[in-house]
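> Start from the sequences, fold in the hints, and give me the full structure.
Now for the letters of each chain:
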Amino acid sequence: MLFEKRAAWIILGLGIGLLALAIISIGSGTLYISPVRTLAVLLGSGDPSDTTVIMKFRLPRLLLAAMAGMALALAGAILQGVIRNPLASPEIIGINSGASMVVVMFLALFSDVVSLYWLPAFAFAGAISTVCIIYFAAWKNGTSPLRMVLIGFGVTALLEAAKTLFLIFGPIWRTSQAQIWMTGSVYGANWSEVGALAPWLVCLIPLLFVLLRWLNIQVLGDELPVVLGARVQLQRLFLIGTAAALSGSAVAFVGGIGFIGLMAPHISRKLVGGSQGPLLICSALIGALLLVAADLCGRMLLPPRDIPAGVFTAVLGAPFLLILLIQINRRRS
Amino acid sequence: MRLSNRISKIIGILVGLLLLAALFAASNTLGYTDTTWRTVYKAYWQFNGSNEHLIIRDLRLPRALTAILVGAALAVSGAVMQALTRNKLASPGVLGVNAGAVFFVVIGLTAGWAGTQSELIWLAFVGAAVSLVCVLIISSIGAEGITPFKLTLAGLTIGALFSSFSSALLVSSERALESVLFWMAGSVEGRNLKQVLAVMPFLAGGLGVSFFLGRPLNVAVVGDDMAKGLGQNTLLLKLWALLLTALLAGSSVAIAGPIGFVGLVIPHIARWLVGLDYRWILPYCALLGGTLLCAADIGARFIVFPKEVPVGVMTALIGAPFFIYLARREIRHQ
Numbered sequence: 001m002l003f004e005k006r007a008a009w010i011i012l013g014l015g016i017g018l019l020a021l022a023i024i025s026i027g028s029g030t031l032y033i034s035p036v037r038t039l040a041v042l043l044g045s046g047d048p049s050d051t052t053v054i055m056k057f058r059l060p061r062l063l064l065a066a067m068a069g070m071a072l073a074l075a076g077a078i079l080q081g082v083i084r085n086p087l088a089s090p091e092i093i094g095i096n097s098g099a100s101m102v103v104v105m106f107l108a109l110f111s112d113v114v115s116l117y118w119l120p121a122f123a124f125a126g127a128i129s130t131v132c133i134i135y136f137a138a139w140k141n142g143t144s145p146l147r148m149v150l151i152g153f154g155v156t157a158l159l160e161a162a163k164t165l166f167l168i169f170g171p172i173w174r175t176s177q178a179q180i181w182m183t184g185s186v187y188g189a190n191w192s193e194v195g196a197l198a199p200w201l202v203c204l205i206p207l208l209f210v211l212l213r214w215l216n217i218q219v220l221g222d223e224l225p226v227v228l229g230a231r232v233q234l235q236r237l238f239l240i241g242t243a244a245a246l247s248g249s250a251v252a253f254v255g256g257i258g259f260i261g262l263m264a265p266h267i268s269r270k271l272v273g274g275s276q277g278p279l280l281i282c283s284a285l286i287g288a289l290l291l292v293a294a295d296l297c298g299r300m301l302l303p304p305r306d307i308p309a310g311v312f313t314a315v316l317g318a319p320f321l322l323i324l325l326i327q328i329n330r331r332r333s
Numbered sequence: 001m002r003l004s005n006r007i008s009k010i011i012g013i014l015v016g017l018l019l020l021a022a023l024f025a026a027s028n029t030l031g032y033t034d035t036t037w038r039t040v041y042k043a044y045w046q047f048n049g050s051n052e053h054l055i056i057r058d059l060r061l062p063r064a065l066t067a068i069l070v071g072a073a074l075a076v077s078g079a080v081m082q083a084l085t086r087n088k089l090a091s092p093g094v095l096g097v098n099a100g101a102v103f104f105v106v107i108g109l110t111a112g113w114a115g116t117q118s119e120l121i122w123l124a125f126v127g128a129a130v131s132l133v134c135v136l137i138i139s140s141i142g143a144e145g146i147t148p149f150k151l152t153l154a155g156l157t158i159g160a161l162f163s164s165f166s167s168a169l170l171v172s173s174e175r176a177l178e179s180v181l182f183w184m185a186g187s188v189e190g191r192n193l194k195q196v197l198a199v200m201p202f203l204a205g206g207l208g209v210s211f212f213l214g215r216p217l218n219v220a221v222v223g224d225d226m227a228k229g230l231g232q233n234t235l236l237l238k239l240w241a242l243l244l245t246a247l248l249a250g251s252s253v254a255i256a257g258p259i260g261f262v263g264l265v266i267p268h269i270a271r272w273l274v275g276l277d278y279r280w281i282l283p284y285c286a287l288l289g290g291t292l293l294c295a296a297d298i299g300a301r302f303i304v305f306p307k308e309v310p311v312g313v314m315t316a317l318i319g320a321p322f323f324i325y326l327a328r329r330e331i332r333h334q
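Heads up: the protein sequence lines correspond to chains A and B, in order.
Numbering (our numbering) for the first sequence: 1 to 333.
Numbering (our numbering) for the second sequence: 1 to 334.
Hints are computed from structural coordinates only; laboratory data are not their basis.
Note that the structure is predicted; figures quoted are calculated from it, not measured.
Cβ atoms here follow ideal geometry from the backbone N, Cα and C, with glycine treated the same way.
Not one of these hints is a red herring.
For each label pair, taking beta carbons as the anchor points, the in silico distance ranges come out as:
{"id": "1", "chain 1": "A", "residue 1": "210", "chain 2": "B", "residue 2": "306", "range": "52 to 60 Å"}
{"id": "2", "chain 1": "B", "residue 1": "32", "chain 2": "A", "residue 2": "203", "range": "49 to 57 Å"}
{"id": "3", "chain 1": "A", "residue 1": "125", "chain 2": "B", "residue 2": "112", "range": "34 to 42 Å"}
As structure tokens, this is what we get:
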């Protein structure tokens, strides 16, 4: 059995919770649609005006938020396993910086010529290339997590400098546009974005479960896996690559939303324990929950203003970090 | 170690001072407006209110002063941090101190509390101290205490936290964003003499006090137990060092924004030149830091002439590759 009973119940509960939150989120906004009417629309027999609002705006937005949240959470879970430190997250290996630098460059140089449709592709390319650069710069007879993190910091700083150059030499409204993107927002999501992100997840998530055994082994450290016959460096490369692809694709569509990759794995570890199978599923669900909730808050807090979801995840990050530390402290003493 | 006896170290300091003076003069002379040495001389001694003279006295002089002081402060702050944490890759940027100072200043600016330069300095100082303390506490949790890995990760996370808070605040106000954007990249440009004079006591005072830390630091880097055995009050020293680093880094951020890599790279160069004696490392850091930032500032004026690049971008472009090289060399495969 891959799961124990308790984990299965928790995952079921989370799934139901996510559905409930999704329905509430679809119904909320400038035009309030009650849950009953929302369900009616989803089942195909709803009011035409409700249907327009939901199908054109809210449903794609919800789906995008849920998928991006899942992707980020999974990436975080992988990285925490590979880097073996509770503070590891996609932001640290430079994904957000790579993506945002390319986005800013795109907005500054190309947005008059190439349509914004290509923005996610650029962001994704930026994220992946950054991770590649960092990985190979850190490679010296293999990778050590500390070296990767430090070099990630150096490369991130270089990218931030390049990004600043582009920001300063563009008009201020572009900078504002870029700033909002970098904070992370699901605003203005549409079906084409959902359609573009979905294939990535459909491919990557099953791949992840295939790599599950490797992840379980990576968590054990550097020497033990070698003794057990695992090809540590190769597996690490694959796992980090998967994490990069997951978070890169998420960031490409929703911008630099932070801390979901940090928070979701921790919460799920507390709920279902450290075995990577249930942990991954649980993290994905919690990640989706977090982002959908953050987006909901952003819409409902100061209507009609739409506060980017990234603001809320950032604000949640601080008390979360504190609670995390208290937990770690208690566990050790 | 290049300079191995006292005479050569003293000569090194003199050479450094000369270099600094030359760079100061160069900073006054070079730039978008064409001026010569003669114009600079006249601007100081035979001021006649012309455009060039005004530019030299009101723009370039404060700018050069800021660059030198901030460079020195950041370098010394980084050296003390590296000694305090016994981690050669510590610096105000890596440990999130810059991000904390920026965040507190952004709060002050967007909430409209702080207007004057000295209020911003206090905000930055508090921010720097808070983030440093947070990082130290976070990385000390757990059985092994403060290891370089935990320290770095804690610093990066806290730094990311404060940066995203700052970003979140700036999303709400386009006007605030415009006014802080250049500053947030790290810039010594556009400060007037009054602002610089407001910061100077903190920076110069901090630098002065830090030179007295040289001898105690020599004892402290050996290890806590040894230091205590030799009679040092380690807690007091750590507290002083912490306050000092926060003061130096915080005031630098207040006037020049978060400039990275100076505090990281300069201590390494200083250690390479004079060895491990902190009585020499700290003065050398101050000199080298001031020189580097002044030179970077001059470079920032010409690299994409006629536009100007924030000096923080220059230090990142120079410092980051060096840092990557250091990280590769220092961290052995575990």
